[in-house]
Structure formats: C-alpha cells, structure tokens
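Residue numbers (the numbering used here), protein chains in the order written: chain A, 1 to 233; chain B, 1001 to 1233; chain C, 2001 to 2214; chain D, 3001 to 3214.
No lab work stands behind these hints: they were computed from the structure.
Hints should not be assumed to be uniformly reliable.
[Claimed, not checked] Derived contacts from chain D toward chain A, CB cut-off under 10 Å, selection only:
#	residue
1	3056
2	3059
3	3064
4	3073
5	3090
6	3112
7	3120
8	3124
9	3131
[Said to hold, decoys possible] Each pair of labels, with its calculated beta carbon distance range:
#	chain 1	residue 1	chain 2	residue 2	range
10	A	141	C	2120	37 to 45 Å
11	B	1130	C	2148	26 to 34 Å
12	B	1192	D	3118	50 to 58 Å
13	A	141	D	3192	36 to 44 Å
14	D	3041	B	1198	13 to 21 Å
15	D	3209	A	231	41 to 49 Å
16	B	1001	D	3209	30 to 38 Å
17	A	221	C	2019	29 to 37 Å
In this text, a Cβ means the ideal position worked out from N, Cα and C, and glycines have one as well.
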Amino acid sequence: MSKIYPNAAAALEGILFDGMTIMAGGFGLCGIPENLILALRGSGTKDITAISNNAGVDDFGLGYLLTTRQIKKMISSYVGENKEFERQYLAEELELEFNPQGTLAERIRAGGAGIPGFFTKTGVGTIIADGKEHKDFDGETYILETGLIADVSIVKAYKADTEGNLIYRKTARNFNPMMATAGKVTVIEAEEIVEVGTLDPDQIHTPGIYVQRIIQSVNLEKRIEQRTVRSEG
Amino acid sequence: MSKIYPNAAAALEGILFDGMTIMAGGFGLCGIPENLILALRGSGTKDITAISNNAGVDDFGLGYLLTTRQIKKMISSYVGENKEFERQYLAEELELEFNPQGTLAERIRAGGAGIPGFFTKTGVGTIIADGKEHKDFDGETYILETGLIADVSIVKAYKADTEGNLIYRKTARNFNPMMATAGKVTVIEAEEIVEVGTLDPDQIHTPGIYVQRIIQSVNLEKRIEQRTVRSEG
Amino acid sequence: MAWTRENMARRAAKELQDGYYVNLGIGIPTLVANFIPDGVSVTLQSENGMLAMGPFPAEDEVDADLINAGKQTITELDKSSYFSSADSFAMIRGGHIDLSILGAMQVSETGDLANWMIPGKMVKGMGGAMDLVAGVKKVVVIMDHNARDGSAKFLKNCTLPLTGVHVVDLIISDVGVFKITKEGATLIELAPDVTVEEVRERTEASFSVADNLL
Amino acid sequence: MAWTRENMARRAAKELQDGYYVNLGIGIPTLVANFIPDGVSVTLQSENGMLAMGPFPAEDEVDADLINAGKQTITELDKSSYFSSADSFAMIRGGHIDLSILGAMQVSETGDLANWMIPGKMVKGMGGAMDLVAGVKKVVVIMDHNARDGSAKFLKNCTLPLTGVHVVDLIISDVGVFKITKEGATLIELAPDVTVEEVRERTEASFSVADNLL
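With the hints as extra help, turn the sequences into a complete structure.
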C-alpha cells in the first residue's frame, strides 16, 4: 500500500466534502502546504472550517480560499496580514474563533493525543475564558480547553520517506507536526521524498503512522512576508 | 555561566534535601542516569518520592536507593523486576502509587508544559479512576489526571552540548525528554559532551533551556535485562 | 484437540491487515509476529518509544539502548523511528494504533479486561496495558481458556481489578474464538474437535454461537 | 526630557541577567536585543519554534524557512534549536522563559494588560501574547506613556479587552519606570527632567513613589 500520490489533486481525492474541517500547517507564510492549498482551491470544496494559525495574505496561502469564499469559519490566533479576511469578517460573511497561539497549538496536540480537554492559565480573566469551565489547582485558576481534530490535515514537510516518516526544516516546522497527528486523514507535501532507510530513526520528527498520503511539492514560492536584512559593514 | 559540572556528586550539590521529589529517566534499565543514581545514594538524601517508570532491579538502578531505604514513595507504572521493592511494599515500608504508563508519561509532560490537569480515557472504570473527577466529552467518559513536577530531574542523554541541548539514542530516550522539562532543576548525564554548533539545530530532542547542570557519564554498565538473540542460520 | 499457544498466535495473526500498526503484548502475543501472512505488511509499535520493531538481534548486534516493552533486546528496521514515552502514548491514546494483542487473566462477557493485578499477591503494575486497551482501535486477547485450577477466565463479570471496561473486541483461547460487541459475546470459531458443549462447560460468560458452528 | 524609544529599549535591557531565556515582542521590544549589556549572555526565544535567535541575515543568508514571530527573516546561532509550536508554548506555559518584554495599549494599576484588540475596529488576534503573559516568569511592558490623543494608558482599570490579569511586573514608558507588585504600583525611576507631578498628571493609575524620587 503505497502512500505516495502523483500530485496534490490526486492526494485529496475522495476525502473532501462540503462543511468539512481542515487543518493547514504553517506560521504566516512559512512552512505552508502550498500545493495542497492550491488543490483545495481547485476542488471547489465549500463551507470549510479551517484551523490554521494565520489566514495567509490576500493573494497567497489560505488567502486563496478566502478569495474564493470556500472558508466558512477560521480558527486562528492572528490574521492581521489579510485585508480580505478583515473585510469578510467585519461584513459578517466569515466566522472567526480566535485562540491564543499556545492554546491553539496545545488543542491540536491534545486532539492527536486522545486528550479531550486540558487546563491552562492562558486567557484566564479575558474574553477567551467566557463560558469555559474554571478550576483551581494549588490556589491558581485555570480554564478548560478542548482537543481539536480535523477531517483532513494538510502538512508541509521538508523530507518524507515512503513510509511517511517526516523531517521539517527550521521554523517551517511550527504547527505542522501537531496537525499531522490530528487529522483523520493526513496529507503531506514534501520538498523531497526519499527511500526508507535514508532518514536517521533517531531524528524523525513525525513517525509514519500519522501519515496517510504524500506528494512531492512542486513550484514552491516560499514567499517571505518581512524580508529583513542587516546592513553590511 | 557554565552548565558543566566535574562529576555527579558536584552536580547534585546544593539541590538535594530530605523529603524531596526526584524524577529519574529510563525504561527498565535502559537509558537510566547511572552516575547520578549512584551519587544520590552517596548523598544519603532520605524520604525521597521517586517518579520513575520502573524501580530498577535489586542490585542496579533505583534498586540501589531501595536497598538503602532512601525512597519513601514510588510513582511508577511497573515494578515487577524488583524483589526488594515487593518486599518493602508488602511490609508497608514503602508507599506506592501506580500510574498507567501513558498517564505517567503525560502527567510529566503536562507538568513541564504548565498544564495542571488533563482528561484521559485511560483507567476509566478501574481502581485508577477512584476519587478522580469524571467528565464526559462527546458522550464518552474521561478522568482528570494532574501534572507532575519534581524538585530535581535526573536524566540520561546520549549527547549534550555545553548549552544543554540534548540528543537521546534509540529506546534510551523513553521518559528522559519529559522529565528534563519537569524538574525545577534538571541534571543531565551524557555519554558525550560536545561543543555548541556540533549538533544540528533541527535535530535537538531537548533544548538547552530545560537543562541546568550537565556531567559526563563514566563507567556506564548499561545492563541488559532480557538479552534475547536470534538463532543464526 | 485444543489449540496450542502457537495455534493461537497463528489465529491472531489473521487479524492483521496490510498497512496495520500493531502493538503486541508480552508473552504469547509476541509470537504473533512469527505468523504474519504473506503479502501483509504490518508495523510493530513498542510503547517504550519505537515504531517498526525488527527481530531479535544477532549476537554481535545486541544494543543495550535498543529494547522492546518487555525489556528484550531487539533491532531496528529501515522504516523505524524513535520517540519519547509521552509521544508513544499520544500515539496509543490518540487512536492511531490499529490493533493490540495482549494476554488476560479474566475477560467479562461485555469485554471488560483484567490482566494486571491479583490483590494481596502480586505487586507489578499495569505498565502500558490500561493505556493500550483504552486507546487502540481493536483489542484482541489471547489467553488459556481456563486457569490452571480449571476455573473459568471468560466470566459474567471479572472478579480481579480491571484493566479496562468494554475494551476487548476478540478473544482467542485454546478452545476457540469469541467476538464481543455491544450486543454481547459470540463464539465464532472452534478449535478442532472441541464442541460447543465443551466450551459452555468451561465458560461462565453468556455467549451466543455463530450459525456455522451449530 | 522624555525617553526615546531607544532609551526605553536600553532601560529594558538592564532587566536582562546572564543566562536568561527571553522572549521579545514585536516593535520596540525587538530593539532591546541591541542593548544587551557586556558580559550578559541571554538566549532569545521565538514562539514560532526557535531557541537562540540570531540577528537579521545578510542578503545572501535570507532563508524563507527561518523567520521570527514577527515573520521577519532571521539567522540561527551555534546554540540554536528548533521545535514545534506545541513544544514552544509548552516551554512558555511551563514557566521556563525568564523574561518577556512586550508592548501595550493599556496597563492597569494591578498589572492587567490590554494589547490585542480594539472592539469594532481591529481584527488581528492575540497571537501568542496571552500565553506569554500567563506563562513567563517576569513580564515587562514598554509603551508610550500616553496615547496619541494624550489619554492615559496606565489606568485604574483597562477599558479594552484584556490580554491577561495581574501579569505585568514592570512598565517602562517614556516618562519613567513603574514596578507592579501585589501591594500596588510604584514609580521607581524618572526620565531626565520629568517630574513626579508631570507623571501624575499624565497617569490615571494610582501609584506610590520610591523614596529616592521624592
């Protein structure tokens, strides 16, 4: 049973449906599954709940799916870079659930780990805590947050072997590893697909058990949002 | 501020006290901090609560500290290899708290991650659930387990750089990474101490922030409990 | 003629499907790895932090840093990966393992399992068993149908402390195979020359019998 | 003469101690890295999954896979490590970061912080700010003492949605430095030529004044 698919569209075939929940890896435009996002746009799947730390920019990343109005709801921690997002939200055309970034990361990790709920200090006393269970541990107050899972997770890796063992590169790791564990089906795009035995077993970031489908990334743009350089000399 | 100490006794100086809680890494006798356990025996510290998946064997590992009666209480998942343990326990000379192995691992991970409690299915309907809060999520019942931290964690690594970035080797990783995060002071013994820049930043298992003190392991026995080999030919 | 341990392991191996991720308990379950059907590729997980366990090592391959959950020396494969115990049980608890095969002291007719403790007698601990039965998608028990004193192990209710409630999906004992669902237990296979009547005599649990055995 | 942004960053840098692990927010806090005292070695954490951030890259070092939490391209150091966002916030939430320096829209006299949302106006999100103020051992705010319209930002109670309650330990504004403890807020330093009286006029919060400033 090979996990390798010929292209992004093929890798998403049979697992998409209107109203589904999709997790998409990346932080800003760093480490996003560019090919799979494009294929998702091409699929025309509608009413998506997208779980992603950010919402891309107007003309890249998840911004594509906002432009086409395929996203019904976003669960994110920060969407400040996307004007179309702001417009749709203020016009009440888009639902939005803000999660503190660490809470979002942990909710996804919990979902993949079979933990339906955990307590955190983050957000206590803020609007994030509204309606959530409060509980004291050792005299300090915490709120209950729940685990998140997705129908499909789309994840960007640096290297994948044919069993689905993954390695990420630098800060392109970000939300990708947890999302790989929290998808009922997890689809990977990798910059390089290698034979099993190529990667050091001590150095696998995501074991192959979490990975159902893999494609080779093509034509990656890897767009940079804030190109900052130091002045020489 | 160097994190490198000359030997195990020096690395434990000033951080031990009677009645303290200590986490010790390892699974069975695999990946245990041999040098630090010996130094702990040498320190004479008493009434220790030891959090460790296993309790060593009669004459090795944490078994040393049972023989000297330095341990008041164990929090473990399996202690079947240790006769002295069983004797002390049945004679009510030793307190024992059994945790399911995955619950124990997650409690330690939670402690290090600032999560005071999480819900799990593990143990529901068993004596493990007695007295614990039960809660339903999506029609299924879970129990609340709490995070664990230790006054000192003693951890065995394969390689450490001088900043405390760690790499573990094969299944000697086991409980060591979580315990490294859950000690108020975390002391490492490493088979090899290398200069910073030697380890690949993409391949660090435990970032140096979790590590306060490091020693070089000496005279490691690496005892094997079940030496199983396949018959040749 | 009741099944031998090897027969039971061989029968359990039929539960393996191509692509499965499987956790095998200590004892007879370990033998199942020897009977994986041709054309079926499974990946063995060891809860101490390894995916894709290989066979026992040759003498010169023995590595103290490479053991399974039974503390036995093993080897790695090309597709292997290592991870922490927290990550290992996240994998188990999160429902990512397809099948767990383990031993039992007692099983109830509703799938309750007792396999870790005899009060006042044994102080060993549950290890990862409670996590496995709570988290793994399908749980298969291999056990002798009766205890050494002849008493039933497949019971209306377990009398020993439980490992999990409603967790066992299949029992493979030396007399046959029982499937357990929400509707109850069903005897679905018999060992050669064993009769339904004999199974009833040696069993306390209520169970129905599959049509093909009547 | 009120402090400039650079003055404030320089003052904040005095809070850094040798061996500290520090998270710097976007904006003025980023400048603090330029004023780390001699002999003090600190390690900068970036919540998108990196420990030991290096400076901005040279032109030919720019790497799209290597950015900080402000989405700026950066570099790595010999001691750097990368990890997932879950591991990054485990580090933050678990109290392993010594110091966080960040900006604010409002701070209350009891240390409540508002820095993420203006209702009906801005839809950006809190990013990692709520996690940082809840988890980091010491939280330092750098902010202009007053808003552009002259209104006070150091208040009895914040009017904007909160980022955290009782979380700010120190405020460094262009007029001086306030320490906040359970006992209340204290003005502990003044910018050159700024008087206590002037600070009182520009502040809504109650605060006491350190003896050496009277």
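Here is how each hint holds up against the structure:
no.	hint	in the structure
1	3056	4 Å, holds
2	3059	5 Å, holds
3	3064	4 Å, holds
4	3073	5 Å, holds
5	3090	8 Å, holds
6	3112	8 Å, holds
7	3120	9 Å, holds
8	3124	4 Å, holds
9	3131	3 Å, holds
10	A:141 to C:2120: 37 to 45 Å	42 Å, holds
11	B:1130 to C:2148: 26 to 34 Å	30 Å, holds
12	B:1192 to D:3118: 50 to 58 Å	53 Å, holds
13	A:141 to D:3192: 36 to 44 Å	42 Å, holds
14	D:3041 to B:1198: 13 to 21 Å	19 Å, holds
15	D:3209 to A:231: 41 to 49 Å	42 Å, holds
16	B:1001 to D:3209: 30 to 38 Å	35 Å, holds
17	A:221 to C:2019: 29 to 37 Å	34 Å, holds
In this structure, every one of the numbered hints holds.
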